[in-house]
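Q: Modelling step: build the complete structure from the supplied sequences, incorporating the hints.
Residue numbers (our numbering), protein chains in the order written: chain P, 1 to 413; chain D, 1 to 413.
Label pairs and their in silico Cβ distance ranges:
1. P:Ser171 / D:Val412: 33 to 43 Å
2. D:Asn200 / P:Gly92: 19 to 29 Å
3. P:Asp230 / D:Ser32: 31 to 41 Å
4. D:Glu116 / P:Leu402: 31 to 41 Å
5. P:Ser198 / D:Glu116: 26 to 36 Å
6. D:Ile85 / P:Lys9: 20 to 30 Å
7. D:Ile85 / P:Val400: 47 to 57 Å
8. D:Glu390 / P:Asp15: 52 to 62 Å
Read the hints as simulated data drawn from the structure, not as lab findings. Here the structure is a predicted model, which is why all the values come from computation and not from measurement. In this text, a Cβ means the ideal position worked out from N, Cα and C, and glycines have one as well.
In case you want the letters, here they are:
2 protein chains.
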Amino acid sequence: MARLKGFQKLTLVDDALQKWFNVLQIKKPRESTVPLNDALNRVSAADVIAKEDLPRFDKSAVDGYAVKSQDTTGASQFKPITFQITESEEVGAKEAWQIWTGNPLPKGANAVVMIEHTKKTDGKLEVRIQVATGGNVSKKGEDVKKAEKILQAGTRLTPYHLALLAALGNSEVKVAEKPRIAILATGNELAEAGSKTSGNQIFDSNRIMLTAMSRELGAEPVDLGIAKDDLAEIAEKLKTGLRDCDAVITTGGTSVGGLDLVPDVVNNSGKPGVVVHGLALRPAMPTAVAALDGKPVVVLSGNPIAAVIGFEVFARPLICKMLGMSGEEPRPTVNAVMTRKVAGALGRRTFVRVRVTRKNGEFLAEPISARGSGAISTMTRGNGFVIVPENRGGVTEGEVLLVRLFGNVEEVS
Amino acid sequence: MARLKGFQKLTLVDDALQKWFNVLQIKKPRESTVPLNDALNRVSAADVIAKEDLPRFDKSAVDGYAVKSQDTTGASQFKPITFQITESEEVGAKEAWQIWTGNPLPKGANAVVMIEHTKKTDGKLEVRIQVATGGNVSKKGEDVKKAEKILQAGTRLTPYHLALLAALGNSEVKVAEKPRIAILATGNELAEAGSKTSGNQIFDSNRIMLTAMSRELGAEPVDLGIAKDDLAEIAEKLKTGLRDCDAVITTGGTSVGGLDLVPDVVNNSGKPGVVVHGLALRPAMPTAVAALDGKPVVVLSGNPIAAVIGFEVFARPLICKMLGMSGEEPRPTVNAVMTRKVAGALGRRTFVRVRVTRKNGEFLAEPISARGSGAISTMTRGNGFVIVPENRGGVTEGEVLLVRLFGNVEEVS
Chain P
1 MARLKGFQKL TLVDDALQKW FNVLQIKKPR ESTVPLNDAL NRVSAADVIA
51 KEDLPRFDKS AVDGYAVKSQ DTTGASQFKP ITFQITESEE VGAKEAWQIW
101 TGNPLPKGAN AVVMIEHTKK TDGKLEVRIQ VATGGNVSKK GEDVKKAEKI
151 LQAGTRLTPY HLALLAALGN SEVKVAEKPR IAILATGNEL AEAGSKTSGN
201 QIFDSNRIML TAMSRELGAE PVDLGIAKDD LAEIAEKLKT GLRDCDAVIT
251 TGGTSVGGLD LVPDVVNNSG KPGVVVHGLA LRPAMPTAVA ALDGKPVVVL
301 SGNPIAAVIG FEVFARPLIC KMLGMSGEEP RPTVNAVMTR KVAGALGRRT
351 FVRVRVTRKN GEFLAEPISA RGSGAISTMT RGNGFVIVPE NRGGVTEGEV
401 LLVRLFGNVE EVS
Chain D
1 MARLKGFQKL TLVDDALQKW FNVLQIKKPR ESTVPLNDAL NRVSAADVIA
51 KEDLPRFDKS AVDGYAVKSQ DTTGASQFKP ITFQITESEE VGAKEAWQIW
101 TGNPLPKGAN AVVMIEHTKK TDGKLEVRIQ VATGGNVSKK GEDVKKAEKI
151 LQAGTRLTPY HLALLAALGN SEVKVAEKPR IAILATGNEL AEAGSKTSGN
201 QIFDSNRIML TAMSRELGAE PVDLGIAKDD LAEIAEKLKT GLRDCDAVIT
251 TGGTSVGGLD LVPDVVNNSG KPGVVVHGLA LRPAMPTAVA ALDGKPVVVL
301 SGNPIAAVIG FEVFARPLIC KMLGMSGEEP RPTVNAVMTR KVAGALGRRT
351 FVRVRVTRKN GEFLAEPISA RGSGAISTMT RGNGFVIVPE NRGGVTEGEV
401 LLVRLFGNVE EVS
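A: Structure follows, in structure tokens:
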């Protein structure tokens, strides 16, 4: 059971993802219907079709006068045409009907003259511009046509989606239920943040981080606490997680004292167990992905940065899929100039933490000097990843590369 | 009181922001202390100083054997050096002490030989590589030094900030209390989304959108409902908003039937009232910004897109400031190639909605054809703004421009 010499074989990231998702068979998420005011950042669970046209009627796009456009033919600043101002229900020939932005166009009118191009004198109106039919009119259905699809299932809802839904009369929306993700930290050395530590103990920070990362994506994290490096205790907690939740993420115990504690527990807990363990991924090589009772298990390293990268590579697309998104939700990206070269590792995918800034309109990516290999501060000092692919030994200074952002980019001078 | 000919004078956006913030005197936000698990996306209210070193002790960065580095001098694959394996408290000369990643370095040792570079034979250890002092050791304090500032006040908290705080033993963090933003829609034509509409009514969508936009930034929106186009009713609701909240945002009634309903109510409600009304901003020209009893009031147009832009330009930096951030929180941006030219308006700042995609590593910005001027669907079809500055009459096809993103960017082929 002991594995003392590292992994015999590392699996390529894309192969691992494919193998894993092949055994997972993730179901369509459960739906729940929520009021629009509770739907921000949720993921839609069903397509939404417009129940009516938007706008609901022809309406004025400006403040002015509704007219028959043909009556304005030839009108100009130097040759104004005089209209009768009317308030009757229908606009007749050479009649003008005062109208405000957003108001429905009265019967008989087919265009609006902006107020700036008119002059009221002696109860009559001088029109000083020619308008085309439909001029300054928002046509019924010009934004959205009845029966048009206004929202696709699997869409992360922004304030603008909510506005569009509301404008079409919807007060609620079907969203994917939040997948419940159990999070377990393992390690004899771990102490709860805020407690007293002694000797060799360190504060558990990965559990809090993975909880927040899961929540950020729209999952509901469920805390399984800290387990000692003990097969029975880990097995018990894993069982609880699998019973109560849709997936389990663990951190630590992927290579403890030369033993693969958590992978071993996973393999003893059901089929198929660990699908891949040992990845051509730097950092995060000791990550394992597994399936138990059809549920996904992500076994992350205890090293904070390896846990971040393992989550980014495996848990992130998993949660997106569980939410019913068609693919992994893209993080914001930029093309940035590397300020210095960085070594990769041929045959492995390497995540380099960088700090992107914008200077004179150009994006610069400064590799973060990792003072420590697992240094979590590199994630707060940095704001993005440059991903060096497997076929590159590194990247050079001055190279323009795509950066996947996880923090704000500042303008510098 | 009637304003029938548009604004006499439009104020430049930057001038308006300056004038407004000058009268606002926004206070430092109230602080509250929350557990780390509740702090994601909140804004820190105080600097945090490391209470101790991180790591807390010298520890091994790898699985292997702790040794005195000087004893490995000259060791190689071809000329291994033999060590005694020890389990005693202190590592002596030519002694090797088995150690796992993350464990504290034993007394006497100053380096770790990776397990891959050793061979165990007859209870002894062959070391096949030379290691330098400090080799494969994470030094005490190499990530964070005691008394170092690990978090600055005014920082939006990511999962990584929470992890760093936890790693240093913090279980909670001081965050800015959420500013309470009252949101009021005005308009006789407005019906509550989900209710029955009749005739000229339209569904109120701006209130739901502005609520979500405020919440997205970390404010606590407070619903003031819909007011009729009635001075007394608007005044009453505004009063409630000012009494209960830290700021008020209204939508509609900036130019209703030629009357500036909401700006008039604001001016009659206290000093200084409206600071700027009428902006060199397209869309969102009729936006007004005001201050009452020292509290900010943002008076947005009822046109959905004008409301979006008015919020983006005025409410967004306001809320960031109320949260104690040092400047406006930047949205993600990219440099993208315009796929066609777009007209701006010389002397005005123009927000052009675009859909950015990534194709062959390049970002392309396709202007969204606005089928209707206030068409909210342009915000769900688009994912970014190109901002045409006041000194440009437009932008040309092929030009590379900064895009401010409000939605995900997709890869296309």
